[in-house]
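Take the two lone chains and join them into the complex the hints point to.
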Amino acid sequence: MAQVALRTQEFRIGSPADLADYQQQILSERDPNRPVLIVCHGTGCLANGSPKVADALRQAIARAGLDAQVVPEIKITGCHGFCSRGPLVILQPSGLFYQLVKPGDAEEIVQTTLIEGNPVDRLLYVEPRTGEHIVHDHEIPFYKHQQRIVLKNIGKIDPTDIRDTIAVGGYQALAKALSTMSPDEVIDAVEQSGLRGRGGGGFPSGRKWRIAADNLRKNPGPMYIVGNGDEGDPGAFMDRTIMEGDPHAVLEGMILGAYAMGATQGFIYVRMEYPVAVRHLQIALEQARSLGLLGTNIMDSGFDFDIQINRGAGAFVCGEETALIASLEGRIGEPVPRPPYPAEKGLWDRPTIINNVETWANVPLIIDKGADWFAGIGVPHSTGTKIFSLVGKVNNIGLVEVPMGIPLSRIVDEIGGGVPGQDEFKAVQTGGPSGGMIPYALKDTPVDFDSLTKVGSMMGSGGMIVMDQRDCVVDVARYFLRFLEEESCGKCLPCRLGLKAMQEFLDRFSKGQGTPEDIVELQSLGQAIKDFSLCALGGTAPNPVLTTINYFRDEYEAHLAQQTCPAGVCKDLITYSIDPELCNGCGVCRRICPQGCISGEKKQLHTIDSNLCIRCGMCFDECPVDAVIVQ
Amino acid sequence: MTKSTKKKASAPKKKKSEPTKEKADFIGFTIEGQLVKAMPGWTILDTARHYGFHIPTLCYHEALKPVGACRLCMVEVRQNGAARLMASCFSYPQEGMEILLNSERVQNGRRWLMEMLLAACPASPEIQKMAREFGVASTRFTAEDPMEECLRCGLCIRVCEEIVGAKAISFGSRGVTKHVATPYMVPNDACVSCGSCVAVCPTLAAQTRLDKFRGDLAQRMAHGHQAPHAPQAHSAPF
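First to last, the sequence lines map onto chains A and B.
Heads up: the first sequence is residues 40 to 670, going by the working numbering.
Heads up: the second sequence is residues 14 to 251, going by the working numbering.
Extracted from the complex, chain B is given alone in its bound form (with noise of 0.2 Å):
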């Protein structure tokens, strides 16, 4: 992994407002011993790239609420002496903190996430690029589906659901078992095959599912008013 400590001086990426209150509003603390000024309601994870600071993710969409999933953008942070761990995308920086974005203990960390992603998602090779990115080149661990790419960030369920209002998906079962669903696990007249969920995923694992979540076009294009096991058009009348 390459650290990027030098200020991207144009084109901040961020989509945050510019700043229009006076300057004791900002917020002051250090990225990898850099000065940053972070704008009030700014996380770290929104300063940090403001400033060109590459911190890895996978859960997090600027469009969408943080939920602090995939824990990839863990970053160290040091204040009155104590160093503790932080999910950068949901966390608001103090003035006079200390951000490590690569500290032994943020690396190593990731280094095991990234081997056991490795695990969960064999088939992604998005994952697999990422991995090699922090020097991480095979997994010790079991992979239970071959054909797996899905990492269940929850990004698809959140487009769904914040931008797009249909929430025809959801996280269906728990823990080692959590998978993405439509309910009763049919597809879904709810979905307007707008394709958000495939565009948001890190993976391409929705792609693979759209067909599973999206029901009926015929039943989408009457907006429900068609009963559900109206005849089809195409069935002609004798």
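Just chain A, same shape as in the assembly (with noise of 0.2 Å):
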């Protein structure tokens, strides 16, 4: 995405009525009946080929040779969620979706939809159950029941240009808070509105802050605060989202906590795998700067305070503050035992505020729109939305905002479309690695943050994997379990040897090996393991164990008692056989088989050798007929 150069170098907002001017200024420069062709470039969508399909419908534009009225604004955004359909165009105003768009579809999308207006039937979304087309964005069901307002404006905004944020109101709720609001003002608000945290922890965020002020007060001098971006869980692109779509919320809830606790210097710590999120925090930094909305007499108000981005070196155990706090210092990140807790003793043992970039991005609407208003949604001890990363088994991947005690069923069902081919999921996986699984017949538990604790799971970042019969509760534990295990720094025992000793234990129960009585020194173990961690990473990866243990205790003994996997995914105790009644001879399994262990004639019984079967599982996916059974 090329810089948007700005032409405002010598422009400084001095104050609201210069924001609101501004904001006018650029209002009255666009025409709202322009037609907008906007073209998703998230993560998933570049990876998909996006920047090619922009190109190919600006050169396609550019043969049409439109009318002046009529030629489209091209516009690059952020995720808007649906990466299953990436790469995703949509034509605003109107708001008409299409989707999975190839290059090659833009003469036609250009001919049909911008000349003749209609709208190009093969790209529209198409619901799963019912089978039919949907026109606009708006009445696809994976947006409709959405409360989008954190991620109101990912979509609709280039995030390297400040000027679209400030067109849809970005920085009102600093100028409102600098020219109205005493610092105290601002923080009784957030305590008020009753956020928290959404790095995992969830502890009120006002709490937090009026600590670290208090702190900051008996003890004057320096105080950071910091934006936690360093997101690791598998399957989890909040917090990316986020930054990549709208950097400018991250900076303007992050200036209204410093301004509210009198911090003067920030870090937004990144993972170095998200280099297209730095890239634009990093625009979005230079281009507040030049506008003074950052850096030093910010707003001429007399407020200092800048923000500096750090990389993570890709340890996922940097996201526990304590740790990170040991990265930003240069030390190695392994956290450290607390209390102290960083609001009173955090970087170079001054009062820090680490706060997730999700959370620091709801503070400005909480601040714009009232904290009376943020508490009304969700419901109470967890108001506002949370952001999920809905995946696994499920037929609309991608990002959900729901308000927070929304039943769990209806994000998987109404939102994600429920199970392909399957009536029900087995299970969801919420909180990332360090969660728990929630089975199906605890669909209907409201996903806020007590619950979701009181059934052993937690909210974590808010990564939520759903799995469906084809999933085996001992191997999707071990995988959780082995990502934490090379994950874990290493400083304290519990952890470093706890969980290599609990994948001992799943690793025989994979095989087979074992007794029920295992099952129960397995549990002893993990809350061995949560008792004595010293922090969070060891304290929780036990969970996807217990949680599988208390929830599918049965499927456990299956494997034990009667040595079998009722998933069919643990491979020492499967084997893969051809059904003589529905077999038809076609050949598919024997062509593809990698041990070429499967023998038939054409149009004869095929017969896979066990002995030589590495149960791929191969035949089982491509077997035209369901023919290959696994047992």
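Do not take every clue at face value.
Think about it this way: if two alpha-carbon atoms lie no more than 25 Å apart in a straight line, the pair counts; the simulated DSS-like pairs of lysine-lysine are [stated by the list, open to error]:
1. Lys384/A - Lys78/B
2. Lys141/A - Lys215/A
3. Lys180/B - Lys569/A
4. Lys141/A - Lys195/A
5. Lys191/A - Lys114/A
What the hints contain is simulated information worked out from the structure, not anything from laboratory work.
Structure, rendered in structure tokens:
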């Protein structure tokens, strides 16, 4: 994405009136009726070739020789959230929604849609259950059932141009706070809103801010605030989307926090693997500085604050706040015991507030629309919305924002469109690798901080992995445990040795070795690790194992007592065979088998040599008549 | 494990200075039901040891800053109706706390830790002895290296940095592959061969590694003035 040069180098926003004037000026330069073709450039769409789509559209428009009035502007935006359907192209202001667009479709879009004014049927979203073609984005169930407040600008604005942000009301909350609110009133508002940290712990942000501000008053000197964008959960991309798609929301939130608590320096800690997020944040910082919204004397109010970007070097544990502080200071990224909490003694032993970038992005909304408005969304004790990345065995994969307290089944069934080919999901893993698995029986669990903790899982940063009947809970628990073992920093014994020990248990289980008493022993070991670990990584790592034993004990017992894997996943316990009734002898399995262990004549029954079979499952996936059986 | 609940009246082993402030500064709480008083700045472990209670530790040393890595010193703290586990080497007591040294949760965690340590350091008699104290005689987990005795408590590294000031060794790698090493895995001339690492090591693992830590003696005596590959003294000129 080309950086948009600002024509405002000489211009500084010095008051709320200046900001309002500037917003009016930007809006007056734009024709609200001019068509805008939005091409999603989120990381998922980028990988699917959205830059080529944008280029093809530009060329097709140039070739079509349209009238100056109807030439559409092509806008590059952050992620729209519907990642499984990318690249997405949306025509505004009508909201005409095209999915899975290829560069070759550009001509047709220009000809049919822009010139003739008709939708291109084959690019429209098709509702999988009804087969209905849906024209507009707001009618698609995936979007219809969401409540997008934090994500509201993402997909509408060009994140590399601050004028887009200001046009939709960016930095209004900052102007309001600087001109009409005292720092304490900002903290009051955040406290009253009930905002809780979106990064995992769910600690009330306002209370944390109050503690830090009090500590600073007792012990004057520098104070730091940090935006935690070190998102490392497998299958989670909420923070990345916010930083890529609406970086100014994070900046504005952090500036407001700095004003409220009296911080002078901020850091955004972004993981190295998010280069687009880093680039967009850098551009946003430069543009905000050049307008006087960041740096010295912000909006001529006499308040100084600046932000620096730090890139994480790829350690999952650095998302833990004390390890993050160690990493920012240049030490090895290992957690240290709390207390003292960072709000008291953090970066360079000064009061430090670390909030997730999603938490920061909520702050401008609270200041702008009021604490009561925010507290009215969601449920008591878990207010506002939460962004989840909905992935796994679900029809609509992507990023969803819902009010807190919504039942889990509504997220999976209404927004996610259900499980492909099955009526119900088996379990949903919430809270990333250290969360827990919630079974279908608890599908009506409200998704908020306290209810998730009650069922043994957690909110975490918002990963949501849906599993179906073909997922083995022992295998999934093993997967998450292996991830956490690799990401353990190795400082404390229970985490470094314990996760390996738990894995030894599960490895034996997946081979059918062990006794029912071993399951009890594994629970006891899990509890010991939870009790004894130094930081939250070890303290929550046994959750997937403990919740699956809790809710799917029969499946564990089947591995041990009956030597079978009910889901057909654990390779030592399953055999593949071919159903003689169903096999039509097409030979697909024989051709794709990497071991060459399937034999049979054309149009005759095929057989699998289970001595050679490596249980890769390719024949099962490919058989056109579903004749391959797993047992 | 013996539950030592009687106060040892004589010869407290603490290095902490005697109280100089007025009595109001004492922090009163109970350990195993016995009322104890901590000096300001004392951790729970300091206080417990002052009163003669036994809390096992592996990564703790009086002369070094606590890091809370071995987690053997965990105790159960009951306060305001809630119970939680805390690392006693790192936690400060508060007025009215009730500390339990051998609650069920504490014992469960320690037993698992010892069983895992038996597999992690199979060559260490000290660990085996400690495990027997907790009633753990054997381990179900696989020992990757039968000769391993280092438990990565980091005492050698911390003494080298905090007391000696040489910083000759540090942790290499991370997670399950974490190990004590010198930079670039070559003997380090910064090592002054003081042997402090061997002295603090709870399992004598540092002893077997010392020759991998220390570099060339001639280099060390020259205080870095010699070129790295200067001719050796004994290679006599013709």
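*Taking each numbered hint in turn, which are not upheld by the structure, reported in ascending numerical order?*
2, 3
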